[in-house]
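K.L.:
Spelled out, the chains give:
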Amino acid sequence: MLDILTTWLKGGVLEVQEYVRLQAAALQAAVSRPFYARDVVEQFDQIGIGSLTVVVLTGFFTGAVLALQTGITLDNFGARPFVGQLVSASMIRELGPVLTGLMLAGRIGSGIAAELGSMVVTDQINALRALGTDPVRKLVVPRVLAGLFMAPVLTVLADALGILGGWFIAVFQLRVASSLYWTSIVDVLALPDAWMGLIKPFCLGYVITTIGCHVGLRTKGGTQGVGRSTTNAVVASSVAVIAVDFFLTRLLITLLY
Amino acid sequence: MDRQPTEDRQPTGVQLVESPAIELARVSLSFDESVVLQDVSFTLLPGHTKIILGASGSGKSTILKLILGFWKPDGGIIRVRGERTDTMSERDLMRVRADIGMVFQEGALFDSLSVAENVGYKLYEESGTPPGDVRRRVEQVLGFIGLADYIDNMPSELSGGQRRRVAIARAMAAKPGIILYDEATTGLDPITAITVDEEIIKLRDLERVTSIIVTHQLRDAFYIATHEAIRDGSRVRIVAADEQKADEAEFIMLRNGRVAFEGNASELRATHDSYLKTFLS
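Heads up: the protein sequence lines correspond to chains A and B, in order.
Position 10, counted from 1, in the first sequence is what the numbering used here calls 10; the numbers after and before it change by one each time, with no gaps.
Position 48, counted from 1, in the second sequence is what the numbering used here calls 48; the numbers after and before it change by one each time, with no gaps.
Chain B extracted, bound-state conformation:
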């Protein structure tokens, strides 16, 4: 397994002693006889991006479900913001989830709620924020992802790409420090996928959101790693990142539930592992 020391990939200005936003230590999970994850370990520092690659069924999405506490691991330790979550009760997990946004595969928007109600759900239902403030935040977030005109539409009236972007808006509305993306671009055409990728980049670079991106779309993974968002007056531009910035994004490749590679984009491209080369080709 290729593995680079985490310290080598610190972004400029980040202290080495900074505690991880998310930490998995030797996490394992099996269902009956089938091993889903085995000894998976990694740390993710605040403001960083971790891109988890792997074939279908390799255990990528399972990692996100374990981080959110939907499932409990059979072994190992999971910490979010320093709190051990793998042994937490559902009630305590609700507190931890308050700082995590999740973008589900296919969006998982609530069919019976409008776009505004979906995006503002957490604020409407769980925070006690006054409705006027929620509406303003929803308009702001939808403006950020370029869907302000669809605020009163129902999810069934949106295209696949728009649904994913609304899902991102919903995940970011309550300003979480961490966002988890589960195959956010799978099934989208390349142009729409790039639009979704750009929203992820904007959140990372402009809002300093810590992200875990699960995907098997290499094109999207490398696009997110090698581009950055910059403010140009009132506009936001997505440009090619310099080498240092591009190396900040950390890749993990899963193979049959095990970590087969951990490193940055350059190291992944330079790998000599035959499985990884096949996956990358």
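Chain A extracted, bound-state conformation:
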């Protein structure tokens, strides 16, 4: 029993050590030559443009359902006109970043782990090294940069579509005046909300892509291993999104409000 526990702990410590080492190597590679600009552009396209549909749909329907649910509750207090405030504050501060993060964890985390995992088991990573290319520079840095910068952009879009979804329900179902909806949003939003809505996805994008790269590059055991890595990447990055969101929220509330 003790042996199993020791092996499990050693495995856990090793994973953390390798994850930290990968991040250090990626940081060093990001600030030194050579820089694979073409791969960075390609990843911005794949991660950013490629995730647009899923993020936009998620944002829109989340905003809509939020308006539906809160509308009923607000009615009890005669506060139906304030539905816009609730939808916008929830979307920008919490739901936009977290749901976009979870969508990216499913789409990007799994994709990165599967792609890099396949490259590992088919010797393509070793082929890169044999051809004089550092896999961290070529594969990890572009994905992490794309995650860092595209997650906030996607989150802003999700927020916007969420607020639009809320407006749709507020106006056509709850019969709230359109001008009242928009005015209530403008009145309640403050700069700290915008910062929170931008800092969170920046961090979540980093966490999702680095976990995907780490899990993918440590794939072992053929196609079965690729499947295992893909699942692990989604599970680990989804849990990380929720956990990092909690700690960030705690920190940002202290710093910004």
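DEER-style ranges, computed between Cβ atoms:
1. G75/B <-> T254/A: 46 to 56 Å
2. Q17/A <-> D232/B: 57 to 67 Å
3. L5/A <-> Y275/B: 39 to 49 Å
4. D133/B <-> L191/A: 53 to 63 Å
5. W8/A <-> T43/B: 37 to 47 Å
6. M154/B <-> T183/A: 48 to 58 Å
7. L255/A <-> R136/B: 55 to 65 Å
8. T53/A <-> G75/B: 48 to 58 Å
9. V235/A <-> S266/B: 56 to 66 Å
10. L52/A <-> M154/B: 19 to 29 Å
11. E42/A <-> D133/B: 19 to 29 Å
12. E18/B <-> L2/A: 53 to 63 Å
Quick caveat, the hints were computed from the structure, so don't treat them as lab data.
Note that the structure is predicted; figures quoted are calculated from it, not measured.
Using N, Cα and C, we set each Cβ at its ideal position, and we do this for glycine too.
On the provided structure of chain A, position chain B as indicated by the hints.
P.N.:
The following block gives chain B in isolation, referenced to the frame of chain A:
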């Protein structure tokens, strides 16, 4: 262990003082309790071919990974072109790898790149060669291996044999002095395997490339050792090599991570070792 002095197998015109292209001295490697290589030593002179034979799991491919610096040995010394690589950092190893081409088992072509992009990868990405020059070199190399018509195809559109030949083209495109072949013919039908063998022979005899060939296919090992490529006008012909040329190729047989035999093709055929005889039968 049968062992012949290296000096006896010098090819005509090669100086005895010539420094080895690759040298392994008492190299050992273990993973946990499992010994992968133990006290493996050999030298390979420039322009020569070393054929490493052995059963699956005997440590053949591990030697190539150690030479390229993918793994570090637990003990012993590895030198490539006189530089000690077993203690080198990854950054310095990149410089050493610039003169080494590697043909991986199954080819290891990049799925997302076309044949031209695969073959010209090193030149496109790592050398700063102008795209026009890279394209010309890619066409030249693909012409050399007879796949010029497939230049714009994707790897998924190629047969197994074609993929291996493209892998050879990729390894030779940047004109390395050393090429390592890891089971380049495993899983191929005999006719396709011979085609791949002939590319290896052409590179050795026409481009003077130093080669290490890892295989468990005896037929291919002996074919490469006993044939040579000659230019016949504009054509290249593969013919049976004379005895002296055939004895230039050096064989190593690995058994459980140890060198069980080192010598040329004739000596390997004449061995009385029961394990080697079983392997050869």
